Amino acid sequence: MALINKLSAIGEAIREKTGKEDLLTLDEMPAEIRDIETGGDSSFYDDFWDSYLQNGERTDYTNAFAGTYWTTNIFDTPKYVLKPTIADRMFQSTGITEIPDGVLDTSQCTNMNYMFQTTKMLKIPIIDCSNCTALTNTFREGYMQESITDIILVNVRADCTFSNTFYYTSNLVNLNITGTIGQNISFAQSSTLSSNSVQKIIDCLDDLTGTTAQTITFHTAVKGNLSDAQIATITNKNWTLA
Amino acid sequence: MKIETYEQRILIPDESHWLYNAEAQIFSDKVYLGKTADASQWKEITEEEKIKIEASWEEKIDLNN
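Protein chains in written order, with this note's numbering: chain L, 1 to 242; chain G, 1001 to 1065.
Same shape as in the complex, but just chain L (with noise of 0.2 Å):
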């Protein structure tokens, strides 16, 4: 084949895929070849999230994640940043290892029940809980209890249910939580949670003074290291200690 049929056939190709239809120089094809590449790579990416998350309108994200078959290769980094009003099983049993920070923005999410139970995460990033009023089994189990060593909670609403929200997180150290407890809560089975995190969880206690008293109940462990000031503390803002 001689060589200018050769190089028409390479201008004809790149025709093909740019979907114009001007003769093209030797000097015009390394830019027009860049081109299609860069578009073909990213065009599969937004594609898949713009559809996924509805172009970033997505805010139901039950199940979202869900499943072991998410993994944090297929994860990776989400075109858009993920705010769900909805979290419910959000995570549950993923693959997925670790969320980069500033991908999640829980700040308007009104329910995370069982949102990272049974999860793979090694590392779970600022859970802002402004808006919401459900942990019902948040952290619950499964693997959690392997990794997790590490939650930060900001903004707990004293409204806020925390039914089995931490069961056996098993090797949780470090709570570190803001905010308002109201309801009964319950760290029963984290046995190595840090002191600091004791102290910063009883500062969260709402004063329940006049109300329903509610009951925070820790590990056998953790509780016959609380101190004669932090259970008078607890008591005296009518919290049982179980």
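The set of hints was computed from the structure by calculation and includes no laboratory data. One thing to keep in mind: the hints can contain errors.
Interface residues of chain L toward chain G, partial, derived using beta-carbon atoms under 10 Å [unchecked claim]: (1) Asn184; (2) Thr211; (3) Thr212; (4) Lys223.
None of the values given here were measured: they were computed from a predicted structure. Where a beta carbon is used, it is the ideal one built from N, C-alpha and C, also for glycine.
Let chain L serve as the given structure and place chain G on it in line with the hints.
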């Protein structure tokens, strides 16, 4: 300066028993009651009863999940 005194109510079960709050679904080996908490919400149960109750919780959780 003011001096405050208060009564600290502590529930301690008999040996080999546990304290159980059915409404809150909590077991404990020792309970420090809140200022106005209702002591009658806690009752003593045996180890065997505790195991049965925990098993029933697991069943409910599995069914709901």
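In ascending order, which of the hints set out earlier in this document are inconsistent with the structure? The structure conflicts with no hint, since it agrees with every one listed earlier.
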